[in-house]
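Chemist: Chains as they are written, first to last, in the UniProt record's numbering: chain A, 1 to 705; chain B, 1 to 104.
Please note that a few of the clues may not be correct.
Partial selection, computed: residues in chain A whose CB lies under 7 Å from chain B [to be verified]:
| # | residue |
| --- | --- |
| 1 | 84 |
| 2 | 85 |
| 3 | 187 |
| 4 | 249 |
| 5 | 258 |
| 6 | 261 |
In short, the hints are calculated from the structure, not lab data. Quantities reported herein were computed from a predicted structural model and do not represent experimental measurements. Ideal Cβ placement from N, Cα and C applies to all residues, glycine included.
Spelled out, the chains give:
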Amino acid sequence: MTDNRIDYYPTHEHEGIKFRRGHTLPFGATMVANGVNFSIYSSASTSCTLVLFERGEAEPFAEIPFPDEFRIGNVYSMIVFELNYERLEYGYRMDGPYNPAAGLRFNKSLILSDPYAKVIGGRDTWLAKPNWDNVYQYRSRLAFEDFDWEHDHPLETPIEDLVIYEMHVRGFTKHESSGVKNPGTFSAIRSKVAYLKELGINCVELLPIYEFDEWENSRESPTTGEVLVNYWGYSTVNFFAPKAGYAATGKFGMQVDEVKTLIKELHKNGIEVMLDVVFNHTAEGDHRGPTISFRGIDNKTYYMLTPEGYYFNFSGTGNTLNCNNPVVRNMVLDCLRYWASEYHIDGFRFDLAAILGRAQDGRPLSNPPLLESLAFDPILAKCKLIAEAWDAGGLYQVGSFPAYGRWAEWNGKYRDSVRKFLKSDPGEVGGMIQRVMGSPDLYSLRGPTASINFITCHDGFSLYDMFAYNDKHNEANGENNNDGANDNNSWNCGWEGETSDPAINFLRHKQVKNALAILLVSQGVPMVLMGDEVGRTQKGNNNTYCQDNDLNWFDWTQKETNADLYNFARCMINFRRVHPVLRSPTHFQYWDYVGSGYPDISFHGTKAWNCDRSSSSRSFAFLLCGDHAKQGIVKDDMIYVAMNMYWGGLHFELPALPPEKKWYLFANTDMPSPVDIYENGQESLLANQSDFLVGSRSVVILVGK
Amino acid sequence: MSFTILAEAKKIAKITLTGEIDSLSAREFQKEIEKMAAESPDELVLFVENLTFISSAGLRVLIFAKQKMGSGLAIYIVKPQESVIETLEKTGLQHSVNIVDQYL
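Chain A extracted, bound-state conformation:
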């Protein structure tokens, strides 16, 4: 290879460090021949200095001001030679006016993280006490981008075929019962891949793994004395860097390799990886918060500001990222492209995504350029894009999120309908019919794949707690129980909290099974919250964002103590996976377009072909015709689901099958384990083929074959 490029050689020297003019793109620090290319954007600064540290050292070993001729437009760039990639930490000092009313908050005494840094040091080990006197807390570092992926590739599973598992990286294996090496880390999840596979999960959605500071707003719990931390991590320090404290190798700065290794392993086992991404705000908070990066580099570009220069707060956390500023829009795009291409991420769930559709002054846009760019981006073309279609500023877009044929939504209305139906509220049958069909009332033009169906998520009660508590019990959070949602639609089954009453405990387990059954037979894309399959409890706390303890950790002993729930969840999830008629990519049409003699879907009640949708009704049934599976492309069995949330048993007349078929029982939540559910393919032939007594508050699933 010839070695005669001009940019392989330095032209300048400062304090013994050799450097030259750099390349403006890409932003961030990039390894180039013989050196590192640094590039950073700032629209209003007057000058910029690159600050270089040896890893962990208190004082920098060099500070190199960018010569004027190194700035093109608003971008400073330089190549620095002979740096030790692995030992290097860097940052910037930005000089410029301090004039908050004009949106300018420059302070050159501070060292700032690179918004494009691929690794952040300073919080390398979870809850290792930081040195608060450190002049530079969150240190930008370099990452190798040459991981050996072998043949790996994002899986591109059709979205309607996914069963999503919402999971916290630390919480999944941190409990001592997990029995793994390095509990609480990316690496430990690899030891539990077999569990996920057995359960039938084919997509994990990880709660935020972008670098955040678990120490942010840390304090003592008034009830337990434990330290309360930022456990969920919905507070981004840097969008490109994985959370070092979640990596067993974080102390060696090898988190990038560890995350990629996990993703490669999950992909080998047919499991997709989605990230929960938080672009609505950053960890810098409002004007009282720390200046880490964006505020000091280009405050008025990165944040939405009021005319007085304060921070708009549509996120409820102090600041709002200025997502539809063209520069920020590009950063979001660069970030997602980076995760899709360098980490092989299969999809993204956008926290408070309604903010991504707001203009720079906060107005909701009818055609938000960021959402459109993401929908049509060539690199993200096969990624799933899922919006949490509301924000803390009151914008609620479930059913109306600007989708461009691509975006799916967390269907909050699904959650609300199912919860109310499960606690026997009147007037819910009509809504439930929409929900089990994939919410055509909300997504008539977008199809059921626009609906991410969930009953529980990290935010709110766990599924077990939905049936053990009427009210939230958040005292351990130290906010006088004022935090967390009040509209939970939960029902304690007759006793608040734990009880030894076997009837109540049976009913609670039955309700958990009812919920899982409904979720997994609904059209759309189901999402299960980590631990709900084993009855995980948060002891009534519905806002466990700060609890790094048993309230959040998956207790693996529950797989045995609640074996009935685990078995039910596993069979239900796998039932969905083996029956394509449950996973239609398009809405059902209520008619027979394949000549099977049955419409694709039909609704029933205690009388077959006769569904009572009146407000006093608390029960209904539906029949799916397997010949219509995937629009008639594949053949499946007939599936009949009866849901009775009335407090008494009801006889359901069964729709007649074609003469060659018989009804078999797959699940009946009114029965004790193990006869509540059968392994797929081993369903039990019904003695009475024309009538089924569905118990009080029970779900029955039959297979016609």
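Assemble chain B onto chain A, guided by the hints.
Modeler: Below, chain B alone, put in the same frame as chain A:
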């Protein structure tokens, strides 16, 4: 320097690694690998009993060796310390190499 290389380039390439492999020493390690690759060895044997740490750059040299010498190359890592084994495991490299107590 905390790092030494003893190389005997024949069909079996042997290298002894001691101390720590970080991005600086990894460069020397890589140069040795490049030299040995010219001889097309069948096996690469790394004696690592006295190696205390291998960094990301060091791991990359192992992958580089496979790429340079062909996927048929068998890599033996002899008597690694627990911390080195852990690093190989957490980064998924244990599948690409043979971890052994003794090389015969």
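Chemist: Next, verify each hint and record whether it holds.
Modeler: Here's how the hints hold up against the structure:
The criterion of a C-beta within 7 Å of any C-beta in chain B is met by residue 84(A), whose closest approach is roughly 6 Å, and the hint holds. Hint on residue 85(A) holds. Least Cβ distance to chain B is approximately 5 Å, under the 7 Å limit. The criterion of a C-beta within 7 Å of any C-beta in chain B is met by residue 187(A), whose closest approach is roughly 4 Å, and the hint holds. With its C-beta approaching chain B no nearer than about 5 Å, residue 249(A) sits inside the 7 Å limit, and its interface hint holds.
Proximity of residue 258(A) to chain B holds as hinted, the smallest CB-CB distance being about 5 Å (cut-off 7 Å). For residue 261(A), the shortest C-beta to C-beta distance to chain B is roughly 4 Å, which falls under 7 Å, so the interface hint holds.
Comparing the model with each numbered hint stated earlier shows that all of them hold.
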